[in-house]
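Q: The whole structure should be built from the sequences, with the hints applied where relevant.
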Amino acid sequence: MKDGLKIELGRRYRFSASHRLHSSRLSEEENRRVYGKCNNPYGHGHNYVVEVSVSGAVDAATGMIANLADLDSFVEREVIEPFDHKSLNEDVAAFRENVPTTENICKEIFERLKRFPKAKLERVRVEETGNNTFEYAGEEL
Amino acid sequence: MVYLTRKLEFSASHLYHNPALSLEENKRIFGKCNNPHGHGHNYTLEVTVAGEPDPVTGMVVDLKELKEILEREITQRMDHRFLNYEVAELKGQIPTCENIARVIWNLLEPKISKGRLHKVRLYETPDLYADCYRNGAHGA
Numbered sequence: 001m002k003d004g005l006k007i008e009l010g011r012r013y014r015f016s017a018s019h020r021l022h023s024s025r026l027s028e029e030e031n032r033r034v035y036g037k038c039n040n041p042y043g044h045g046h047n048y049v050v051e052v053s054v055s056g057a058v059d060a061a062t063g064m065i066a067n068l069a070d071l072d073s074f075v076e077r078e079v080i081e082p083f084d085h086k087s088l089n090e091d092v093a094a095f096r097e098n099v100p101t102t103e104n105i106c107k108e109i110f111e112r113l114k115r116f117p118k119a120k121l122e123r124v125r126v127e128e129t130g131n132n133t134f135e136y137a138g139e140e141l
Numbered sequence: 001m002v003y004l005t006r007k008l009e010f011s012a013s014h015l016y017h018n019p020a021l022s023l024e025e026n027k028r029i030f031g032k033c034n035n036p037h038g039h040g041h042n043y044t045l046e047v048t049v050a051g052e053p054d055p056v057t058g059m060v061v062d063l064k065e066l067k068e069i070l071e072r073e074i075t076q077r078m079d080h081r082f083l084n085y086e087v088a089e090l091k092g093q094i095p096t097c098e099n100i101a102r103v104i105w106n107l108l109e110p111k112i113s114k115g116r117l118h119k120v121r122l123y124e125t126p127d128l129y130a131d132c133y134r135n136g137a138h139g140a
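From first to last, the protein sequence lines stand for chains H and S.
What the first sequence shows, in the numbering used here, is residues 1 to 141, in sequence order.
What the second sequence shows, in the numbering used here, is residues 1 to 140, in sequence order.
Check before you lean on any hint, since a few could be wrong.
As the list claims (entries may be wrong) - Pair ranges (Cβ atoms, derived):
{"no.": "1", "chain 1": "H", "residue 1": "E76", "chain 2": "S", "residue 2": "P19", "range": "29 to 39 angstroms"}
{"no.": "2", "chain 1": "S", "residue 1": "K7", "chain 2": "H", "residue 2": "T129", "range": "32 to 42 angstroms"}
{"no.": "3", "chain 1": "S", "residue 1": "T57", "chain 2": "H", "residue 2": "E29", "range": "49 to 59 angstroms"}
Keep in mind the hints are simulated off the structure, nothing from the lab.
Predicted model only: the values in this text are computed from it and were never measured.
We treat Cβ as the ideally placed atom computed from N, Cα and C, and that holds for glycine.
A: This is the structure:
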């Protein structure tokens, strides 16, 4: 920007989903030890909050980095629709092998949203509960 | 470096309309924010100042002084106002979160003499906000 200022837009979304933390690379006993109650074979669920930050030039005609309607529909299509009211392990191909910890969910969401064509994705923050938050800004160069 | 954040709330109305665009284009781009009579929000502003604590007072910035600056520069200017018509700094701009955050930055930066302004975060709703900071500063 000409004035040396950077503007980012932050938007929060929600989805509810179930998961089970279980690694095929660990024994049953190790899985129980590592994941504790999150290893319950029937799974359990959370209300996740996804906070998405994008940056870019503010369009003089609209006053916007990106039209919210475009961002909302992109996030809806790429993340909310495939994740909301789903079993992450069963319904999302990326978590068939990868354990759906919130670390991995955060990275998966970042990979899906970095293709947003209207602005640069800066970071993704995922709250699994009000007390657990994870943040990913892509790999360091 | 220590980062200190002060929060304040103000309520204001606005509308999105660009006179250079047709009525249809305005409606298409801005949707319900284009309602000619305007609508309002409870904004929450978070102002972060960075600095080293003063060895005598232990403070990065005198909070009372910061509170007075925010009251004078932001609350008095924007609280219970129609942003399009009553805030001179927004004249000719669409009062989006992005633009208001930049205006707030430009109002506050020259007034902060102890420490330096690090970040302005303006929430329009709990689910939508804009951050403004110097290029190269850490955004989080």
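Q: For the pair H:E76 and S:P19, does the Cβ-Cβ distance stay inside 29 to 39 angstroms?
A: holds (31 angstroms)
Q: Given the hint of 49 to 59 angstroms, check if S:T57 and H:E29 actually sit that far apart at their C-beta atoms.
A: Because 57 angstroms falls inside the window, the suggested range holds.
Q: Taking the beta carbons of S:K7 and H:T129, is their distance inside 32 to 42 angstroms?
A: violated (23 angstroms)
Of the numbered hints stated above, the single one contradicted by the structure is hint 2.
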